[in-house]
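*Asks:* Assemble the whole structure, with the sequences as input and the hints as a guide.
Order-wise, the sequence lines are chains B and Y.
Take the first sequence: its position 291, counting from 1, is numbered 291 in the working numbering, and each next residue is one higher.
Counting the second sequence from 1 gives a position; the working numbering is that position plus 1000.
In short, the hints are calculated from the structure, not lab data.
Please note: incorrect hints may appear among the correct ones.
[Unchecked claim] Here are some, though not all, of the chain B residues that point toward chain Y, as calculated from beta-carbon distances under 7 angstroms:
| no. | residue |
| --- | --- |
| 1 | L32 |
| 2 | I112 |
| 3 | F130 |
| 4 | G141 |
| 5 | V144 |
| 6 | M157 |
| 7 | G170 |
| 8 | L218 |
For glycine and all other residues, C-beta sits at the position ideal for the given N, C-alpha and C.
Here is what each chain is made of, one letter per residue.
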Amino acid sequence: MREPRSFLAVQRTKCQRFLRYVLRHKYLYLLLVPCVVYFIVFHYVPMYGVLISFKDFNFKKGILGSEWVGFENFEYMFGLSDFYRVFWNSLYLNILRLLIAFPIPVILALMINEINNRYFKRITQTAIYFPYFISWAVIGGILVNFLSPTWGVVNEMIKSLGFESIFFLGEAKYFRGVAVASSIWKEAGWGTIIYLAAITGIGPELYEAATVDGASRLQRLVHITLPCIKTTVVLTFILRVGSIMSNGFEQIFTLQNTMNLSVSEVFETYTYRVGMLGGRFSFATTVGLFTSVISMIFLLTANFLSKKLGEEGIW
Amino acid sequence: MLFAIRSRKSPDWQKRLQASRGDKVFSTINYVVVGLFALLCIFPLFYVLSYSLTPYEQYLKNPIRLIPTELSFAAYRQLWNFPLMWTGFRSTLFITIVGTAINIVLLCISAYPLSKKDLKGRNFVMGMILFTMFFNGGMIPNYYLVRSLHLINTYWSLILPGAISAYNLILMRNFVSAIPDSLEESAIIDGANELVILGKIIVPLSKPAIATFILFHAVGHWNAYFNSILYISDRKLWPLMLIVREMVVDSGANMVQQGVTAGAQELAQPFTLKMAIIVVTILPIICVYPFVQKYFMKGMLLGSVKG
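*Replies:* And the structure:
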């Protein structure tokens, strides 16, 4: 009869077994070390920096040395009317993007899929992917110059038609349009790739069966292609909702100027202006933390809702 | 099916004719809309190119003209003599080459262990990585970290913080998982350890994935400017995009006074200068684009390889 082992003895052999396992696969673990170190240093350590929002941060004293102020920064933030304006700007811009810029790659992908001429397809695809490779600094530069009220091309064309020139980037109502339109220009073509990939995964038998039953191309599109890519669209949508607070610093920053600040100030640029340029680190961190938490809530909610509706979620 | 069509006048046939006419309209709309969008995507760049080559007086007379009647390289000549252009190029080149190299190396060596489903601790590490995709510390904590590491005003502040992209890591890991185990097993039988397997089997077989990631990361580094705004205040270290931004978006009043006008025989006016600098910055991308276009179509499907 075997003698029952003591607890410590069992733990010791578990430890030994683990160490032996690690040694046997030492190269694999070695290869993994840079990756783990990277994520800890550059992703998890800054998460600890979130503590700054609970303190009255002072660079000389560092994070630990700075005074603890609890939720004071949060109370201050929620009492600031600026904060709500920035919140509204970020949200509104993103809702516009979701409503307008999100469906466009889907529709484009569906249309490209229906094109039969190989050369036309290839040429147009080459063309529409191209804006994705251009930096926002450049696109912003082009926009600022082309939309200039005094010497921009667009306004010259408007003037030659007899109208008054429009200061696109100076007026609130036009700014949002320019922001969303430029997003579409840059990202729509690229966005079609993932949907086209999903469409190529649809079995041709479905189309053949529909053709036999007399379906027109439009009917085939609506009744076969659309339902088959529904999962991809929903997944992309969830991910998109998860970044509902983020508008991309680079895009907004290049299009901002003192005149459109009331509509163009979004969380990223606000954090930069207040935190980096203004030196109010605690407050800026608070805003950043708020943004991350809200994004997570949106993401989890979207994921939960989609599962409730019968679709797959991200996890 | 053919037997069902009795004559060309039967309602059946009429219906099929109508269906194909509807198809034709549908098809035409498709071609037109997609074609227009494609034109829209490249048209602005033609304007930029043409303006950069137009003498300024020509531009003032007729700003809408697409093809210049006279060519003038004054803007480019001025840029050539502009020292900040050269330092900018040097910075961006360094960041792009070294940054991309680090990205790829880290991607390859990390994806391989993570592709082994039975490695102890793998799930924990994957969970840790996935979490970072959805939550991060924010701008200020990141700045504080980079500052504490004394990376401010160095190129490393632009290379290290984004060294591994969690999303790309997952794609690469999926790709490596698809490589058959039998290859590895036969290598193990021949006495190879994991490092050799990585170098001699995994990497050569991952060439399409690696090419795609090289493209993505290189373009990302070339175009990035946000991190530079945060971390680099020394103008001599500014990457190209920051210089573009100051010149083109901020109307480069600073720069025009400081260095651009120095030593220029023929002064290209600000607008043409701006267009020229845009052309110069996107020229490398345009040159590389046709060659790599064939890669990324395949590359985007990497993560969704099913069979």
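*Asks:* Would you check whether I112(B) satisfies its interface hint, that is, whether its CB is within less than 7 angstroms of any CB in chain Y?
*Replies:* holds, 6 angstroms
*Asks:* Would the hint on F130(B) stand, with a C-beta cut-off of 7 angstroms toward chain Y?
*Replies:* Hint on F130(B): holds, closest Cβ of chain Y at ~6 angstroms, below 7 angstroms.
*Asks:* Min Cβ distance, L32(B) to chain Y: is it shorter than 7 angstroms?
*Replies:* For L32(B), the interface hint holds, since the closest Cβ of chain Y sits about 5 angstroms away, which is under 7 angstroms.
*Asks:* Taking the closest Cβ pair, is V144(B) under 7 angstroms from chain Y?
*Replies:* This interface hint holds because 5 angstroms falls under the 7 angstroms limit.
*Asks:* Go through the hint on M157(B) and say holds or violated, using the shortest Cβ distance to chain Y against 7 angstroms.
*Replies:* holds, 6 angstroms
*Asks:* Is the interface hint satisfied for L218(B)? The criterion is a beta-carbon contact with chain Y at less than 7 angstroms.
*Replies:* holds, 5 angstroms
*Asks:* Is the hint on G141(B) kept, meaning its closest Cβ partner in chain Y is under 7 angstroms away?
*Replies:* At about 3 angstroms, which falls below the 7 angstroms cut-off, the nearest Cβ of chain Y leaves the hint on G141(B) intact, so it holds.
*Asks:* Should the hint that G170(B) touches chain Y count as held when the rule is a Cβ pair under 7 angstroms?
*Replies:* violated, 14 angstroms
Against the hints set out earlier in the document, a violation occurs for number 7 only.
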